[in-house]
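Here the structure of chain A is known, so what remains is to put chain B in place on it, guided by the hints.
Heads up: the protein sequence lines correspond to chains A and B, in order. Here my numbering is used: the first residue of the first sequence is 143, the next is one more, and so on. Here my numbering is used: the first residue of the second sequence is -17, the next is one more, and so on.
Don't take every hint at face value.
Stated by the list, open to error - Quick look at which bits of chain A chain B covers, simulated, 3 or more residues with Cβ under 8 Å:
#, segment
1, 321 to 333
2, 378 to 384
3, 579 to 588
Unchecked claim - Cross-link-like lysine-lysine pairs, in silico, DSS-like; alpha carbons within 27 Å at most:
#, chain 1, residue 1, chain 2, residue 2
4, A, K287, A, K172
5, A, K324, B, K12
6, A, K172, A, K292
7, B, K88, A, K604
8, A, K325, A, K287
9, A, K172, A, K325
10, A, K324, A, K172
11, A, K492, A, K325
12, A, K292, A, K324
13, B, K12, A, K167
14, A, K167, A, K324
15, A, K172, A, K329
16, A, K325, A, K286
17, B, K12, A, K604
18, A, K329, B, K12
19, A, K286, A, K324
20, B, K88, A, K325
21, A, K325, A, K501
No lab work stands behind these hints: they were computed from the structure. All C-beta atoms in this analysis are idealised placements derived from N, C-alpha and C, irrespective of residue type, glycine included.
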Amino acid sequence: MLFPTIDFLLFFAVVFPITWSLNDKNTLKKAFLVLVSYAFYASWNWRFAFLLLFSSTGNYLACRLLSATTSPSRRRLVTFVAVALNLLALAYFKYFDFLAAELMNFAGFFGLDLEINAPEVPLPVAISFLTFHGLSYIFDVSRKKVEASKSLLDVVLYMAFFPHLVAGPIVRAADFLGQLSKKSDPKHIDIAGSFSLILGGLVKKVVIASHIATLFVDPVFVNPSDFGRLDLILAAYGYAIVIYCDFSAYTDIAIGVANLLGYQFPQNFNQPYRATSLRDFWRRWHMSLSSWLRDYLYIPMGGDRGGRWATYRNLMVTMLLGGLWHGAGFQFIIWGGLHGFWLALERFLKETFGFDSSKGALGVRVLGWFVTFQVVCAAWIFFRSPSSSAALEYFGWIIRDSGAPSTATPFVIALMLLGFATQLTRPERYETLVRWYADASLAMKVAVPSLTILCIGILGPKGVAPFIYFQF
Amino acid sequence: MTDESEIWPTGARLGATSARLAAISSVRVKLSRPTQVAVIVYATMVVLLLANPQALANWLADLQQNAITEAARSAAEDVVEVSSRLGLSAPYEAAREAFLKSGWIKRDRGRP
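Chain A extracted, bound-state conformation:
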């Protein structure tokens, strides 16, 4: 069930009033939200709902065991086993085929005939997000940042709550479980902010991302040899807009929907293509993932406490694993490696020469913005390509240039500029719009979403493609 569909509109129209009518009976409300969240997840494949239940129950039991254990060594053992089980499930569903193929290739290199028959297991939707939520809960309880919940229902809802279930944002147990302990306060509903996020998300996904992807970026990445240098470069920039508009649309809608139901999610994007350094980029892009990687991977590895080279190593390892999390393929590992390398390079320049492109004169910041955007777009070529060799060929075609004329239509260029304008518009302008909507009459509050959705219907493609991050 995708957000920009009639299915979801009807689903929400039923879920919303029942949720609020049960607000005074908090346990019943949570049970209802679990039920509808499982129905939401089962709409892709009902068998995966058992995986979700198994994972939630396992993490609940592990955390209960952690809270009952005082011995540090036993706590470490329980944490290790729980983390390993979460990662094993992820490895089995997501990386088994990749690892089997690489092992067979490796064995073949030494003349060994190794046969690993990979079972044909479909990849459960959002298995990675599921794992992140489970690990977040385990780590937070293990570090005593949050108490292990006595309520299985709360943990099941934390893992399955339908707005964040499929593609984030990654919500920390410490931030969410507290919200479940009491009834929601209707005053916390930010009507204007939520509808702005939802409507803005629909425009970004259905009009901007879908058209740029289907009309231009996808054909170029499928057959790069058919296109000239200008198209290949434009398609890389186009993909930067597509993935931003697609992914931020999902999390914006998720944040808006959760808020309407009385729950608060963290912000996930903050105009990432305004970043003047890669470090700045990761403070603005998929913020819930970058802070997750920082808190649960980079800092436990030592962060910047072990000296200069250990810091570079930790940055590199964190980003390599972040890349691998996105998908089982060398193209994702290289994507992560490029980010890790550039983050380490920025740190090296700062520590050695005091150079920081995020600070300083306007010219330095503009140069920093330009270079950062090129690095991010070059890395996106690996992310979008079906394999690392296809990505390298893509770069090869840019250098060779087939001489074909540009095929980007004015409509595509206009949409790309519109997508980019979402990055350059000052945040105050959005806030003015939200304030205007907040103060508008109820009739106007109905007119705005009605007209926006009708305009989306007029300008949208036929059908809606799944969100890019569903595959992760």
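Just chain B now, kept in the frame of chain A:
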């Protein structure tokens, strides 16, 4: 010949509209936030249903056929007819048709 004031409301009529909007605004103060959201969601659904009823009819046609979906489809067809007769769906259909005919979403596959 039709008097233009019948189509484009005069100042007096605009005043009446403003008064109605003000009345609705005063209602807003009394509504709780969940109720306001419910009003926005359901009223938006009604507007969408009247302005583009074919979307719902097409969606229902894609569902598995049973007694419930059959009844819903029949009701949706009725809404399509009423909306069409009243001219409510005409602006959306004309705008969509114009967009599809504009050639803006014609895909160019690159080198022939």
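Verification of the hints:
Coverage of the segment 321 to 333 of chain A by chain B holds [criterion: at least 3 residues with CB-CB distance below 8 Å; count 4]. As drawn, the segment 378 to 384 of chain A meets chain B at 0 residues by the rule of a beta-carbon pair under 8 Å; below three, the given contact is violated. Three residues within the 8 Å Cβ limit are the bar, and the segment 579 to 588 of chain A against chain B gives 6, so the coverage statement holds. With a C-alpha separation of about 23 Å, the suggested pairing of K287 (chain A) with K172 (chain A) holds against the 27 Å cut-off.
A hinted pair counts as satisfied when its Cα atoms are at most 27 Å apart, and K324 (chain A) with K12 (chain B) qualifies at roughly 25 Å. Pair hint K172 (chain A) plus K292 (chain A) holds up; C-alpha atoms about 14 Å apart against a cutoff of 27 Å. With a CA separation close to 12 Å, the supplied pair K88 (chain B) and K604 (chain A) stays within the 27 Å bound. The hinted pair formed by K325 (chain A) and K287 (chain A) meets the criterion: a straight-line CA distance of about 23 Å does not exceed 27 Å.
With a CA separation close to 10 Å, the supplied pair K172 (chain A) and K325 (chain A) stays within the 27 Å bound. Proximity of K324 (chain A) to K172 (chain A) is assessed by CA-CA distance (about 10 Å); at most 27 Å being required, the pair is judged to hold. With a C-alpha separation of about 48 Å, the suggested pair K492 (chain A) and K325 (chain A) falls outside the 27 Å cut-off, and the hint is violated. A hinted pair counts as satisfied when its Cα atoms are at most 27 Å apart, and K292 (chain A) with K324 (chain A) qualifies at roughly 14 Å.
This hinted pair checks out: K12 (chain B) and K167 (chain A) have alpha carbons roughly 24 Å apart, not beyond 27 Å. Between K167 (chain A) and K324 (chain A), the direct Cα distance comes to roughly 10 Å. Compliance with the 27 Å bound is thereby established for this hinted pair. Between the alpha carbons of K172 (chain A) and K329 (chain A) the distance comes to roughly 19 Å, so the proposed pair stays at or under 27 Å and holds. In summary, the hint linking K325 (chain A) to K286 (chain A) is supported, as the alpha carbons are separated by about 25 Å, within the 27 Å threshold.
A hinted pair counts as satisfied when its Cα atoms are at most 27 Å apart, and K12 (chain B) with K604 (chain A) does not qualify at roughly 41 Å. Taking the CA atoms of K329 (chain A) and K12 (chain B), the gap is about 13 Å. The hint holds against a cut of 27 Å. For the given pair, K286 (chain A) sits about 21 Å from K324 (chain A) by alpha-carbon distance, which is consistent with the 27 Å threshold. Of the supplied pair hints, the one linking K88 (chain B) and K325 (chain A) is violated, its CA atoms being roughly 51 Å apart against a limit of 27 Å.
Of the pairs offered as hints, the one joining K325 (chain A) and K501 (chain A) is violated, with about 44 Å between alpha carbons and a cut-off of 27 Å exceeded.
Hints 2, 11, 17, 20, 21 from the earlier list are contradicted by this structure; the remaining hints agree with it.
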